[in-house]
Structure formats: C-alpha cells, structure tokens
Amino acid sequence: MVKSKNTVSKNTKKMTRGNARDAIAASVERLYNKSAPLLLGEALLLGIIALFMAFKPLAVLTTLMFVLGCGLILFGLYRAIAGFVVARPYGGGWVDVIFGLANVVLGVLFLVYPAGSMIALLYVFLVLFLFKALRALIFAINMARARFGHWVFDLIVALALCALAIALLFWPMAGAVAVVYWLAITMLFYAAADVYMFIELRQLKKAVDD
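Counting with the working numbering, you get residues 1 to 210 for the letters of the sequence shown.
It is worth saying that the hints were derived from the structure and are not from the lab. Do not rely on the hints blindly, as some may be mistaken.
Taking lysine to aspartate or glutamate and the EDC-like style, the derived pairs with C-alpha atoms no more than 16 Å apart in a straight line are [stated by the list, open to error]: (1) Lys-206 <-> Glu-29; (2) Lys-34 <-> Glu-200; (3) Lys-205 <-> Glu-29; (4) Lys-132 <-> Asp-154.
From just these sequences and the hints, can you work out the full model?
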C-alpha cells in the first residue's frame with residue numbers, strides 16, 4: 001500500500017514536471033514565432049537604411065530637408081487655419097496666423113532651396129553650440145581660478161568644444177555628413193543587436209525542444 005502511494009506520488013511529480021516543461025516550451029515557441037520575424041525584419045531594414053546613409057549622405061540630408069519642409073508647411077497651415085478660426089469670432093489668434101504663415105514660408109524655402117536651407121539651419125545650430133561651448137569655457141576658467149573640482153578636465157573639454165564649434169563654422173557640411181555617418185553606425189549596431197537577439201532566441205528554442 002505504501003509502495004503504491006509512493007509510485008502514485010512519483011508519477012504525479014513526473015506529470016507535473018512534464019506539464020511545466022510543456023508550458024515553458026509552448027511559451028518559448030510562441031515568443032519565437034512572434035519575435036523572430038520582427039527581429040530579422042528590423043535588422044534588415046536598419047541595415048539597408050544604414051548602408052544607404054553611409055554611401056549617400058548628401059541624399060539623406062536632402063531628404064531630411066524635404067521631410068522637414070513638408071512638416072513645416074503642414075504645421076504652419078494648421079496653426080494659421082486654427083488662428084484664423086479663433087480670430088474671426090473673438091478677435092484674437094492673429095499671432096497664430098502670422099506664426100503659421102511664417103512656418104509655411106520656411107517650409108517652402110526648405111523645399112525649393114534644400115542645400116541653402118540646410119546650411120542656414122546648420123549655422124543656427126553651430127552658433128548655439130558655440131555659445132554653449134563659450135559658457136562651458138567661462139565656467140571652466142572660473143573653476144580653474146578657484147582650483148575647485150576637476151578643473152583641468154573641465155578646461156580641456158571646454159577648449160575642445162570651442163575648437164570643434166569654430167572648426168564646424170568653417171566646414172559645416174563636414175559636421176552634417178559626420179552626423180549622418182554617426183547615425184548610420186548607430187543603426188548598424190542596432191541591426192547587429194537584433195541579429196544577436198534572434199540567434200539567442202533560436203538557441204533557446206532549440207534547447208527547449210531538445
């Protein structure tokens with residue numbers, strides 16, 4: 001009688017373990033079926049975009065200007081129409097109308113003159129970057145006078161930022177192309193991470209099936 005009870009208990013434990021293993025295998029199978037195509041598709045898409053950006057950086061910048069121009073036109077039309085609708089019954093909203101029309105004009109300029117608009121936009125960002133670098137340099141000089149904190153490191157970084165900002169003012173397109181290459185490298189890393197996750201998931205599925 002005792003032996004039969006022990007046998008039943010062992011069989012129950014084996015069935016429980018088998019059911020748990022089947023449930024885990026089913027979960028892994030479901031995860032693999034859902035995630036594997038997405039991982040491979042995303043890796044392929046990111047890889048193609050990264051290669052296109054690496055070999056055609058100027059075309060990518062022109063496309064970005066086109067997209068930005070379309071976005072400015074749509075946003076400007078929305079603000080202008082919304083401001084006009086508000087202005088008619090209540091007398092306000094003309095600031096939104098003017099702001100919207102200005103965005104429309106900028107969007108048209110971005111579409112008609114993508115190269116010139118891109119350079120102008122780059123100079124705006126570079127001037128802001130130079131202003132930020134000069135503020136960092138002033139802060140580092142004050143830290144150096146007080147001999148407080150890591151003033152040597154702060155001073156070196158601030159000088160490097162100022163030198164980079166001044167160099168980019170003379171060669172703005174080089175900075176824009178460098179940003180495109182940096183984005184391409186980042187996308188390649190993401191694509192490689194997707195492939196790695198797919199390989200790990202496939203190995204997990206194979207281990208569970210075995």
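Hint check against the structure, violated hint numbers in rising order: none
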